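A.B. asks: One-letter residues, chain by chain:
Protein chains: 2
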Amino acid sequence: MDQRLTIITIGVEDLKAMTTFYETAFGWKTLSSSNEQISFFKLNGILLSLYPKEDLALDAEVSSEGSGFNGFAMAFNVNSIQEVNELFEDLKQKGVQIIKPPQNAFWGGYSGYVCDIEGNLWEIAYNPFLNLDESGNVTD
Amino acid sequence: MDQRLTIITIGVEDLKAMTTFYETAFGWKTLSSSNEQISFFKLNGILLSLYPKEDLALDAEVSSEGSGFNGFAMAFNVNSIQEVNELFEDLKQKGVQIIKPPQNAFWGGYSGYVCDIEGNLWEIAYNPFLNLDESGNVTD
Numbered sequence: 318m319d320q321r322l323t324i325i326t327i328g329v330e331d332l333k334a335m336t337t338f339y340e341t342a343f344g345w346k347t348l349s350s351s352n353e354q355i356s357f358f359k360l361n362g363i364l365l366s367l368y369p370k371e372d373l374a375l376d377a378e379v380s381s382e383g384s385g386f387n388g389f390a391m392a393f394n395v396n397s398i399q400e401v402n403e404l405f406e407d408l409k410q411k412g413v414q415i416i417k418p419p420q421n422a423f424w425g426g427y428s429g430y431v432c433d434i435e436g437n438l439w440e441i442a443y444n445p446f447l448n449l450d451e452s453g454n455v456t457d
Numbered sequence: 318m319d320q321r322l323t324i325i326t327i328g329v330e331d332l333k334a335m336t337t338f339y340e341t342a343f344g345w346k347t348l349s350s351s352n353e354q355i356s357f358f359k360l361n362g363i364l365l366s367l368y369p370k371e372d373l374a375l376d377a378e379v380s381s382e383g384s385g386f387n388g389f390a391m392a393f394n395v396n397s398i399q400e401v402n403e404l405f406e407d408l409k410q411k412g413v414q415i416i417k418p419p420q421n422a423f424w425g426g427y428s429g430y431v432c433d434i435e436g437n438l439w440e441i442a443y444n445p446f447l448n449l450d451e452s453g454n455v456t457d
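Just so you know, the sequences run in chain order A and B.
Under our numbering, the residues of the first sequence are numbered 318 to 457, in order.
Under our numbering, the residues of the second sequence are numbered 318 to 457, in order.
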């Protein structure tokens with residue numbers, strides 16, 4: 318089994334509102350394969366998919382019952398402390414909820430957290446120990 | 318904000334057991350930057366990180382309280398129905414819990430679901446509408 322993945326699917330409560338959030342706050346564009354049932358965003362080599370949580374549970378044949386912290390986070394790394402600050406400022410102006418303002422992190426980097434309108438965590442980080450290529454792919 | 322992400326972090330209950338699961342059942346190797354507090358796996362251009370759920374919540378300054386369905390799934394796509402079946406057979410032999418056996422999917426592909434030892438969903442899928450390059454990156 319190759320060391321890779323193809324799609325991350327976030328189960329959502331309100332597909333339309335969540336799609337609009339990623340389009341307007343993050344400025345991302347959906348793939349044309351998106352429709353009223355599902356939204357796809359092509360990221361670096363993988364897809365981020367937004368799909369109703371009920372439908373995701375139904376598809377996987379698991380219970381959709383769940384509440385509280387969903388226990389995962391996505392990180393968007395940039396190349397400097399300044400870029401972290403600028404991105405936070407930009408997201409703040411777009412009305413994105415700041416969960417933790419950017420600050421020095423115990424692991425030697427600089428980061429903070431925002432979330433989308435349904436509480437999914439995004440860490441915005443500068444990690445001096447992690448190298449990214451021009452496409453934003455991790456090269457380490 | 319570029320259309321990409323850097324790290325997916327799964328908050329785990331038992332870091333050692335979860336790391337062993339991904340190493341033995343999936344056959345993946347951790348990065349040397351992994352330690353007793355965190356495990357990193359380099360996937361195609363992104364990292365998958367395993368980190369104690371309590372510590373993740375603490376870092377993001379959110380409550381760690383949460384139960385039930387965590388509302389997300391990861392997908393590992395392959396290039397044929399046969400490859401899906403072979404991978405399920407291999408994972409089953411390795412003791413991986415099969416959540417939904419592979420079958421024709423309503424969206425025109427062929428897929429099923431397994432989960433890791435803490436219930437995080439992995440869909441194993443063949444999607445005839447999605448093209449992957451040699452590295453497993455989505456090219457659409």
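Treat the hints with care, since some could be wrong.
Put simply, identical chains are the same to the list, so a pair is met inside one copy or across any two.
Claimed, not checked - Subject to a maximum C-alpha distance of 25 Å in a straight line, what follows is the list of computed SDA-like cross-link-like pairs (lysine to any residue):
no.	residue 1	residue 2
1	LYS411	GLU378
2	LYS333	ASN352
3	LYS346	PHE446
4	LYS411	GLY383
5	LYS359	GLU330
6	LYS411	GLY425
7	LYS359	SER380
8	LYS346	GLU382
9	LYS346	ASP450
10	LYS411	TRP424
11	LYS417	VAL379
12	LYS346	GLN420
13	LYS346	ASP407
14	LYS346	ASP319
15	LYS359	THR456
16	LYS411	ASP450
Rather than coming from a laboratory, the hints here were simulated on the basis of the structure.
This structure is a prediction, so every number in the text was calculated from the model and none was measured.
A.B. asks: The structure should be examined with respect to each hint, and the outcome stated for every one.
C.D. replies: Hint check:
Taking the shortest alpha-carbon separations for LYS411 and GLU378, only the inter-copy value of 22 Å comes in at or below 25 Å, while the best intra-copy value is 37 Å. For the identical chains of this complex, LYS333 and ASN352 are intra-copy neighbours only, at 10 Å inside a copy versus 40 Å across copies, given an alpha-carbon limit of 25 Å. Proximity of LYS346 and PHE446 under a CA criterion of 25 Å is satisfied inter-copy only: 19 Å between copies versus 30 Å inside one chain copy. Within a single copy, LYS411 and GLY383 get their C-alpha atoms no closer than 29 Å, and across copies no closer than 28 Å, so neither meets the 25 Å cut-off.
With identical chains, the CA atoms of LYS359 and GLU330 are at most 25 Å apart within one copy only, with a shortest distance of 21 Å there and 31 Å across copies. In this assembly of identical chains, LYS411 and GLY425 lie within 25 Å of each other by CA distance neither inside one copy nor across copies; the values are 28 Å within and 38 Å between. Taking the shortest Cα distances, LYS359 and SER380 never come within 25 Å of each other, neither inside one copy (28 Å) nor across copies (31 Å). In this assembly of identical chains, the alpha carbons of LYS346 and GLU382 never lie at most 25 Å apart, being 30 Å within a copy and 33 Å across copies at closest.
In this assembly of identical chains, LYS346 and ASP450 lie within 25 Å of each other by CA distance both inside one copy and across copies; the values are 22 Å within and 22 Å between. Taking identical chains as interchangeable, the C-alpha atoms of LYS411 and TRP424 are never at most 25 Å apart, the minima being 29 Å within one chain and 35 Å between chains. Proximity of LYS417 to VAL379 under the C-alpha cut-off of 25 Å is restricted to the inter-copy arrangement: shortest distance 9 Å between copies versus 32 Å within a copy. In this assembly of identical chains, LYS346 and GLN420 lie within 25 Å of each other by CA distance neither inside one copy nor across copies; the values are 29 Å within and 31 Å between.
In this assembly of identical chains, the alpha carbons of LYS346 and ASP407 lie at most 25 Å apart only when taken from the same copy (18 Å versus 37 Å across copies). Within a single copy, LYS346 and ASP319 get their C-alpha atoms only as close as 28 Å, which misses the 25 Å cut-off; across copies the closest is 10 Å, which meets it. Taking identical chains as interchangeable, the C-alpha atoms of LYS359 and THR456 lie at most 25 Å apart whether they share a chain (19 Å) or sit on different chains (9 Å). Taking identical chains as interchangeable, the C-alpha atoms of LYS411 and ASP450 are never at most 25 Å apart, the minima being 28 Å within one chain and 35 Å between chains.
Consistency note: the structure conflicts with the earlier hints numbered 4, 6, 7, 8, 10, 12 and 16.
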